[in-house]
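Chemist: As a plain string of letters, each chain reads:
2 protein chains.
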Amino acid sequence: MAFKMIKNQRFLSCSEARLQDIQELRFLGCQKSKGFFSIIKEDKKTKARIGIIETKKGPIETPFFMPVATKMSVKFLTSEDLKTMPVSAVISNTFVLHLNPGEKLIKKMGGIGKFMNYNGINATDSGGFQMYSDKIYEKSNDKGVFFKNPSSNERIFITPEKDMEIQLDINSDIAMCLDEMPSVKGDRKKITEAVRKTVLWAERCKIHHDKLQKKLPKEKRQLLWGIIQGGLFTDLREKCAKKMVKMDFDGYSIGGLALGEPKNEEYRIVKFTRKFIPKNKPVYLMGVGSPDEIVEAVSQGVDMFDSRFPTQNARHGTIFTSEGKLRIKQLRYFEDKKPLDKNCNCFVCKNYSRSFIRYQLKNQETVGMRLCTYHNIFYLQNLMRQCKEEIRKGTFNSFKKKIMKLYS
Amino acid sequence: MAFKMIKNQRFLSCSEARLQDIQELRFLGCQKSKGFFSIIKEDKKTKARIGIIETKKGPIETPFFMPVATKMSVKFLTSEDLKTMPVSAVISNTFVLHLNPGEKLIKKMGGIGKFMNYNGINATDSGGFQMYSDKIYEKSNDKGVFFKNPSSNERIFITPEKDMEIQLDINSDIAMCLDEMPSVKGDRKKITEAVRKTVLWAERCKIHHDKLQKKLPKEKRQLLWGIIQGGLFTDLREKCAKKMVKMDFDGYSIGGLALGEPKNEEYRIVKFTRKFIPKNKPVYLMGVGSPDEIVEAVSQGVDMFDSRFPTQNARHGTIFTSEGKLRIKQLRYFEDKKPLDKNCNCFVCKNYSRSFIRYQLKNQETVGMRLCTYHNIFYLQNLMRQCKEEIRKGTFNSFKKKIMKLYS
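Residue numbers (this note's numbering), protein chains in the order written: chain A, 365 to 772; chain B, 365 to 772.
So here's chain A without its partners, still in its complex pose (with noise of 0.2 Å):
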C-alpha cells in the first residue's frame, strides 16, 4: 500500500511530492515534532532513518540525494525535467555565483529558486571544494580565503561574513558554512591546520549569519550547516565534529572525503565521525553519488548527499540500473534493442533501446547525454524512494547489502 502511494508520486511537482510525503507519514501514524528536524522512522538493524527537514520552502523527506547545479542549471536537464523525476533539492555553488552573475543579480531576480524557475529545496556550498581548484584557489589566512577570478585574474577576498551574505542574497534554502578542504592525501600538518580555520571561520559564520537572520521573518530563516572536515585523522574529525556541534548549528556537513581514498575508509570515517553528531540534526555526507556508498551511509545515519557523480558518469556512458553498473558504449550494445534498465520506469528506458543511446553517445551527440543524465539521476531519486520504503518495511538491511554487491 505504502509502496503504491510512492509510485505514484513519480509525476508529481517536487512539493506535491513533498507534502504528499508528509500526509502519507501522518497516514502511517507518525508525527512531526515542532523543531525543524523530525525523525519518523528509524531502522532497527542498521542507524538508517527517516526524517523530515522544515526549510522556508516547504518540508523535505530525509534521506535524499542532490544533483549538482553549480552554475543554477543541472546539464542537461531543465528544472521541468527535474519535477518529472521529481528531484526534491539541488545544491549550487556560492563562489560560482559570487563570480558570476553576482548574488545582486540573483536578488533581484527574486532569488535562487525563482530564477531558476525550481520549487524544490536550493542547497548552496559556501566555496570550499573551489580550494581543490587551482584555477581558482590562491591562499588563506585566519580571516578568509583569497580566490581569483580565471576569466579576470582579479583577487576576490572571501571572509566568512561575506560568504554568509552571499547565501542570504542567493536565498538558498540550506547554506553552508565556509571551510577549508585540504586534499584527502595532504599530511597530517596541512590537515589540522585545515580543521583549525574550519572551525574559526565557523564561528564567525555562526555569529554573523544568526545575526543576519534576526532581520528576517521566521518563515524565511534560511538553515545553516557546519561542515566538519579532519581528513582520515579520527582524532582530528573527533576534535573538529566535537566543537562545530558545540555551536549547534541546524545540520553538519561531512567533508573532505569521496576525494579518491578507498572506499572502507571513507565508510571508516563516516562512521566515526556520526557518533559525535546528535541525533536529533541532519546529517549531509559531502561528495557522494555512487549507490554503494550511498546505502552505506544511509546505514550510518547519514542523511543528504550530493555529487556530480551520476551526472558525469551519464554522459562518459556509465550507467546506473538494477543489475548493477552498465557501460553503454560497449560495442556488445551496438545492436541491443533492450533498455538501459528493464526494472526503470523512467520516460529514456519506456522509450530507447541501448542500441540508439550508444550511437548517440558514441558521436558526442547531445541527446545521447540528455537521456543518459536524465536516467542516472531518475535511478538515484528512486533508489532514495526504495530506502525509504525499506526502512519503513525494516527490510533495509538486506537492501543495503544487496545494492553493495551490485555496484562493488
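Don't read these hints as lab results, they were simulated from the structure.
These numbers were taken from a predicted model, which means no experiment stands behind them.
Where hints are given, some of them may not hold.
Remember, identical chains collapse to one label, so a pair may be satisfied in a single copy or spanning two.
Here are the simulated EDC-like pairs of lysine to aspartate or glutamate, each with C-alpha atoms no more than 20 Å apart in a straight line [stated by the list, open to error]:
id, residue 1, residue 2
1, Lys-714, Asp-445
2, Lys-702, Glu-444
3, Lys-714, Glu-444
4, Lys-478, Asp-700
5, Lys-405, Glu-753
6, Lys-769, Asp-656
7, Lys-472, Glu-406
8, Lys-639, Glu-602
9, Lys-627, Glu-444
10, Lys-471, Asp-700
11, Lys-478, Glu-699
12, Lys-468, Asp-700
13, Lys-468, Glu-699
14, Lys-726, Glu-467
15, Lys-603, Asp-614
16, Lys-701, Glu-467
Based on the hints, put chain B in the right spot on chain A.
Modeler: Chain B only, in chain A's frame:
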C-alpha cells in the same frame, strides 16, 4: 474558431496533430483527393497553398518546416520534446547514417522512426550536401560519388542505386535522389556539369527506386523527390527542372540555395524555378530556415523547408521572436525579467527570464542551449501554423509583409 482549434493542437502528439488538421479541413468543407498530394486551399493574392502529403507513416499538412536531425536527433531535443510542439517532420542524412551506425543496423532496429522513437514523418537527404565538405567529399564521376570516411580514411563509392538502397533500409518516409551540389558561387562550367550529373543520377535513382518499390506493399511505399540544381543561372535551372519533371517524381526539391548568396538572388531563383514544377506536386526548398525566407518562399508556392539555421542560431544566442531577432547574449538583457518573447506560449517563455537564459548561454551551460533551441523550433512551428491560418483567412500576403519587415 479554426484558430482556436489550431491552438489546441499544441500539446497533441505529431500523429494526432496531423489527423486533427485533416479532420479540421473536412470540417471546413474540404475534400482530400485520392492522390498522395492534395491541395486544399489556395491563396488568391500569392501562390501560397495548403496541402496534404500522404506518406506511409500518415498524412502531413503543408507547408511545414523540418528541424535537422542529421544523426537521428535534433541537438538538445529528444523526440518527446518534438511531440510537445508538435514537430511533424524531421530530416536526417543518408550518407552520415551510412557511415555510422550503418543502414543495416537501422533496418534491424525497425527503421529510423522506431529507432529514434519518433512518430512524425522522417525525410532523408541523399548526401549531396556532404559534397560541400572537404573532409568527406573526394570526387565524382558519371557513375557516382567518391566519399571518404573521415574517421578511418576509407574510400566509399556511392552510386545512385546504392543511395536508393540505403534510404530504403533506413526506411524514411520521404527520400531524395543523389544530386551534385556545387558551390553557389561556382562558375558556369562547374554548375553545368553538376546539373548534367544530377539529371543522369536522378534517372538511375528513379528506375532503381521504382524497381525496389514494386516489391513492397502499397502502404509501405517510400516517396521520392527529384532535386533541381543550377546555381544562380536561370537557363540551367530551367533545363534541370524540365528534365526532372519529365521523370515524374513524387515531389521536387530546389537545391543549392541559401549558401551565402544575397537573399534577393535566392528569391529570384525560387520564383523562376517554381514555374517549371507542376502545381499538383509538393515543392521543397532545401536549407532555408529563416522566417523571412520561409514566408517569401511560401508565397511562391513552396511547401517544405529544412535548415540547421534555427538550432545553430539558438546555440549562439540568436532568438526568433514575434518582434524580430533578439541577441540574448547582449549585456542589455543582464537583468531583463521578460521572457524571450512575450507573445510565445512555449514552456521556455512561460517559465524563464531573458536574464536567466543569457546567464546560462554566456556560461556555455547546456540548459541554456536547450531552452533556446526549444524556443526557436517552437517559434518556427508556430510560424508555419500562422502561415496556414493566414492562407485560410485570405490574409497571407499582409502577414508575409509583416514577417519580411520584422526579419529584414
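Chemist: Work down the list of hints and note, for each, if the structure agrees.
Modeler: Hints, verified against the model:
In this homomeric assembly, Lys-714 and Asp-445 come within 20 Å of each other (Cα to Cα) both inside a single copy, at 16 Å, and across copies, at 15 Å. For a Cα distance limit of 20 Å, the shortest separation of Lys-702 from Glu-444 across copies, 19 Å, qualifies, whereas the shortest one inside one copy, 27 Å, does not. When the C-alpha separation of Lys-714 and Glu-444 is checked against a cutoff of 20 Å, the pair qualifies both within a copy, at 19 Å, and between copies, at 12 Å. Only between protomers do Lys-478 and Asp-700 lie at most 20 Å apart by alpha-carbon distance; the minimum there is 14 Å, versus 42 Å within a single protomer.
Proximity of Lys-405 to Glu-753 under the C-alpha cut-off of 20 Å is restricted to the intra-copy arrangement: shortest distance 11 Å within a copy versus 59 Å between copies. Taking identical chains as interchangeable, the C-alpha atoms of Lys-769 and Asp-656 lie at most 20 Å apart only when both belong to the same chain, with a minimum of 8 Å there against 60 Å between chains. In the homo-oligomer, the alpha carbons of Lys-472 and Glu-406 never lie at most 20 Å apart, since the shortest distance is 42 Å inside one protomer and 51 Å across protomers. For the identical chains of this complex, Lys-639 and Glu-602 are intra-copy neighbours only, at 9 Å inside a copy versus 86 Å across copies, given an alpha-carbon limit of 20 Å.
In the homo-oligomer, the alpha carbons of Lys-627 and Glu-444 never lie at most 20 Å apart, since the shortest distance is 34 Å inside one protomer and 39 Å across protomers. For the identical chains of this complex, Lys-471 and Asp-700 are inter-copy neighbours only, at 13 Å across copies versus 49 Å inside a copy, given an alpha-carbon limit of 20 Å. For the homomeric pair Lys-478 and Glu-699, the shortest alpha-carbon distance between copies (14 Å) is at most 20 Å, but the shortest distance inside one copy (43 Å) is not. Taking CA atoms no more than 20 Å apart as the test, Lys-468 paired with Asp-700 passes between copies only; the shortest distance there is 14 Å, against 50 Å inside one copy.
In the homo-oligomer, the alpha carbons of Lys-468 and Glu-699 lie at most 20 Å apart only across protomers (10 Å), although the nearest pairing inside one protomer, at 51 Å, exceeds that limit. Taking CA atoms no more than 20 Å apart as the test, Lys-726 paired with Glu-467 passes between copies only; the shortest distance there is 17 Å, against 38 Å inside one copy. In this homomeric assembly, Lys-603 and Asp-614 come within 20 Å of each other (Cα to Cα) only inside a single copy, at 19 Å, whereas the closest approach across copies is 80 Å. Taking the shortest alpha-carbon separations for Lys-701 and Glu-467, only the inter-copy value of 16 Å comes in at or below 20 Å, while the best intra-copy value is 47 Å.
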